[in-house]
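Visitor: Residue strings, one per chain:
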Amino acid sequence: MSNELKLLSTKVTAGTMTRREFMSKAAALGVTAAVASTMLADAAYAAGPVKGGTFRMGIQGGESTNSQDPATWSSDVPIAGGYVWGETLVYPGPNGLEPKVAESWEGSNEAKTWRFKIREGITFSNGAAVTAEDVLATMQRHSNEDSKSGALGIMKGIGSMRADGDVFELSLAVGNADLPFLMSDYHLIIQPNGGFDDPAAAIGTGLYTLETDEPGVRMTFKKNPNHWAANEMGHYDTVELIALNDATARTAALQSGQIDSMSRVEPKIAKLLGRAPNIELQTTSGRGHYVFIAHVDTAPFDNNELRLALKHALNRQEMVDKILQGFGSIGNDTPINEAYPLFDDTIPQRSFDLEKAAAHYKASGHDGSPIILRTADGAFPGAVDAAALFQQTCQAAGIPLEIKREPNDGYWDNVWNVQPYCASYWSGRPVQDQMYSSAYLSTADWNDTRWKRPEFDAMLLEARAELDEGKRKEIYSKMGRMLNEEGGVMVPMFNDFVDAISTEVQGWETNPNGAQMYWHAFAKTWKA
Amino acid sequence: MHPILKLVAQRLSLGILLLFAASALLFGLTEILPGDAAQAQLGQSATPENLANLREEMGLNRPALTRYAEWIGGILTGDMGNALSNKLPIGEQIGKRLGATMFLAFWAALISVPVAILLGLVAVRYLNRWPDKVISGSTLAAISLPEFMIAYILIFVFAVKLGWAPSFANVPPDMRLLEKLHSISLPIAVLTMVVLAHMMRMTRAAILSVMQSAYIETAELKGLSSFEVIRRHAFPNAVAPIVNVVMINLAYLVVGVVVVETVFAYPGMGQYLVDAVVKRDVPVVLTSGIIFSAVYIILNMIADIVSILSNPRLRHPK
Amino acid sequence: MRIPLSALIGLSITSVYFFCAIFASWVAPYGMAETVGDVWEPSRLGFLLGTAPEGTVDAQYWLGTDQIGRDLLTRIIYGGQTTILIATTATILSFTTGSILGFFAAVSGGWVDQALSRFVDLVMSIPSLILALVILSAIDVTVVTLIVLMGLLDSTRVFRLARAVAVDISVMEFVEAARLRGEKIAWIIFREILPNALSPLIAEMGLRFIFMVLFISTLSFLGIGVQPPMADWGGIVKENKDGINFGISAALYPAVAIATLAISVNLVADWVLNRTTSLKGGRS
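First to last, the protein sequences are chains C, W and X.
Reading the first sequence from the start, the letters are residues 1 to 528 in my numbering.
Reading the second sequence from the start, the letters are residues 529 to 846 in my numbering.
Reading the third sequence from the start, the letters are residues 847 to 1130 in my numbering.
FYI, nobody ran anything at the bench for these hints, they're computed from the structure.
Certain hints may be false.
[Unchecked claim] Partner residues aside, some chain X positions facing chain C, computed with beta carbon under 8 Å:
1. Ala879
2. Gln913
3. Ser974
4. Ile981
5. Ile1070
6. Asp1088
7. Phe1092
Please read these numbers as outputs of a predicted model, since none were measured by experiment.
Backbone N, C-alpha and C fix where the C-beta goes; we use that ideal spot for every residue, glycine too.
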């Protein structure tokens, strides 16, 4: 049976059979869609990538205020564009870190010293050779005293840095086994002289070079023939990124064949879009999660009974079904899920239990005054609807939850990390250490639940320097259980990345770090 | 000095004063907005350190009046400065965006203004008969749908189903004119439908109101055909309100097309200004704001002058 | 008095809409925010008209359900309440302020006219959508602030029209005569100008009402309109717009509601316009 299918799958690749026919044939033979899909991808791989053509991505999140300076990036279009013209030292691929500007790396001295060997003979798109000094300057620009970089938060705690021949060396005060992951942050694109001369010049070591740039509209790129992996990756001649912020417009552009790939398919139309001819849905379960966050040091949320009451009143499954239309999974009041390395799946799942919620609420002795949950359309997609569902279940448990919708504009300045209880989202980090350090360390700038526990901090530092994976997993498990029981973070759901591509696009693989194969669809796919 | 020239001079000097007033008003409004450009740029990844550094670099620590004075100084010397957010020269960016906006507005106006006036005349000629009813009814229906709805329906039919026109407007500078027109055919259609009805209805109403005058009756008694009456006697006297509404709609085509730009991902001024408001990029808000104001003031001046020229009583004030 | 058929149609549709708006909680089959079914269930209307997708046996909801499974008919009835309330009051506010000030400016002339006109120019010279965006992101958005903001912003448009019309009238002989008689400004405005300026104003009023409806829709489209779970018609269109590309008609019903209301209001306006014109000119 499987041989027959394999034969058929090559027919699809050769173009003598449609994908649809193949899938129905596979179903008739009792093969699940997922398996059949993999077989197709394998067949396409076996046939080998086709060179040439243009890859056009329609992406949400581009503004006319965008810059090519990596330090300023926070929305999707500039980030995606950055990965086309530039590279970081290392990149979080689907199976762990991939070498980019750094050819190899190693840690020593209990993970306190890290040495990155710069790839030999590579050049920037302006022809200059890439040196360890360039890397050093890049890291300095993002971490020095007058840095305006969005990466400043994660660069804290790095002791000293130096260039040593073709090696870039970092020293830390406290060991960190996950340090290479920090170097994969999208802000840390390696630039000539670190971008001190002209931060927005868009000169990097990427597979393509920037041709035209209209902020908030489009970017076009041309293949860089001098790239170190120009033969294995970057099959297209040209790449276009188009900022399409309106979801309906983005969908229409894909349906009418004006783009080959789109990010952020609205969950409510995902299934309809998947049924359209010539369009394929690509979902990736990732680490991004939607949260309701309470400050554990502010009344009434300083009372763990009340927090537990709210946690039990969350109908997580309903939210996954209604807000995500099933494109996601339920959360368990920790920011960690199975997409993380060293995840402990034995932590018991918090139940939706109105009786328990009512009991905890009674035990909290709350005076019955309204508990205000702030939300906004922009807090996460469907945040207002999710809050409304939460309010209904709270009401059933006798908890007086009240919703206040705040304007999108200014939400991240005036509500998030300021008000004691609000809706928000986290896009996740490649490793547990980075997620916890970003938001759950006492001293973290983004400690948006005011979670300040010395014993938690101690465990985090211990795990960071621990090189034995078994032991690290144990420590992370303890931390997870602690947050689950006492934390201020309520995680109803982890959202999938939902992309849609034209069926012409081959060689797609999922990457849990983000949408569009974590912005590397341009590098690894091709058009049949 | 000729009274009309005097008026133009008066209006122009007033207009310049108005521009300053508008920029001051806009500046005041952006100052009361919560948050600033540094916070807007860093968003969720702000830390106290990088926020302070960015504020320092953007010059946001200086008093509001200093910043405003600097901007005014720059404008007066012809230097629009750079955007706070991406440091690109504002003049160059606005040049491109304004060009795109004007291109779209020009073609939409070229189609909608003559059609609106013609339809208005036809409607009056066949007042209360079926052409009038069909014209009034269909223009009303067009105007009553929200812009984005019209846009989505047109996209669904002409881009997704029929594949005749592109669903988003892509106009790189090196594109040929015909290709550009094809590319923006759907936005032009939407804008035409949006402004047509307003102009057509005002034309109809204005001519109708003139038609009640005694001299029209005289003209009719002279035995002129009804179209001649409208063309020679009613229309010239209805010019003032018609020009007025045409100018309002032309201004709308330039400054009010944010929604159409969003839906068709068209790189015009509206989206530029909205992004700048959201990102608190005050110099961009101010500069694009006064450009909008200038467009508006000039169009209005034209409307006023035309109404004065068209009314002998106003032309020769006592 | 004989009411023409078109006006009769206009009047009856308008009154049905206003009736539903006023008595929404009695007319609507479900609660405003109540989820009753699945996402985008087919409509019974579509089934009866034969436009439903093949294989649909019958549908429970007249207009189907919306993007999160609420009854669409109910949403439209409540949405109509919001839309009609805001649009009507804002139009009234805009017309009273705009036309009175416009007439006043025209009749007074001189510096009063200059001051008022330039002030209006100042406000109008900043695009109203941008003004609304800026102001609404700085203040609390409630139905009242929306009405006041929209009414005042729109009154500048009415001002210009009213003034333009009134300037033409104020140089007529009968106004001169009234002035020479020593009539007060208010008398001139209400007795001489208003009756003669009524027809273009009424024609405009119908349109301004639609523009109000569209303005709230646009604000909702940009995410700064009325607070959820309340919605106006434009907001419902927006919530359901993603279905359009897949032939789901949920977004069409509120759009049709807006269009029919607009047409009916204007049919009524046309009729009033004809009546006023025939009253004074003697032409039939």
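Visitor: Go through the hint on Ala879(X) and say holds or violated, using the shortest Cβ distance to chain C against 8 Å.
Guide: With Cβ-Cβ at 7 Å, under 8 Å, it holds.
Visitor: At a threshold of 8 Å, is the proposed contact between Phe1092(X) and chain C supported by beta-carbon distances?
Guide: With a closest approach of 4 Å, the Phe1092(X) hint holds.
Visitor: Are Asp1088(X) and chain C close enough, Cβ to Cβ, to be under 8 Å, as the hint says?
Guide: Holds, about 5 Å.
Visitor: For the hint on Ile981(X), just tell me whether its beta-carbon gets within less than 8 Å of chain C.
Guide: violated (11 Å)
Visitor: Using 8 Å as the Cβ threshold, decide whether Ile1070(X) counts as touching chain C.
Guide: With Cβ-Cβ at 7 Å, under 8 Å, it holds.
Visitor: Checking hints one by one. Is Gln913(X) an interface residue toward chain C, by the C-beta closer than 8 Å rule?
Guide: holds (5 Å)
Visitor: Does Ser974(X) pass the interface check with chain C, least Cβ-Cβ distance below 8 Å?
Guide: violated (18 Å)
Violated hints, listed in ascending order, are 3, 4; each of the other numbered hints is respected by the structure.
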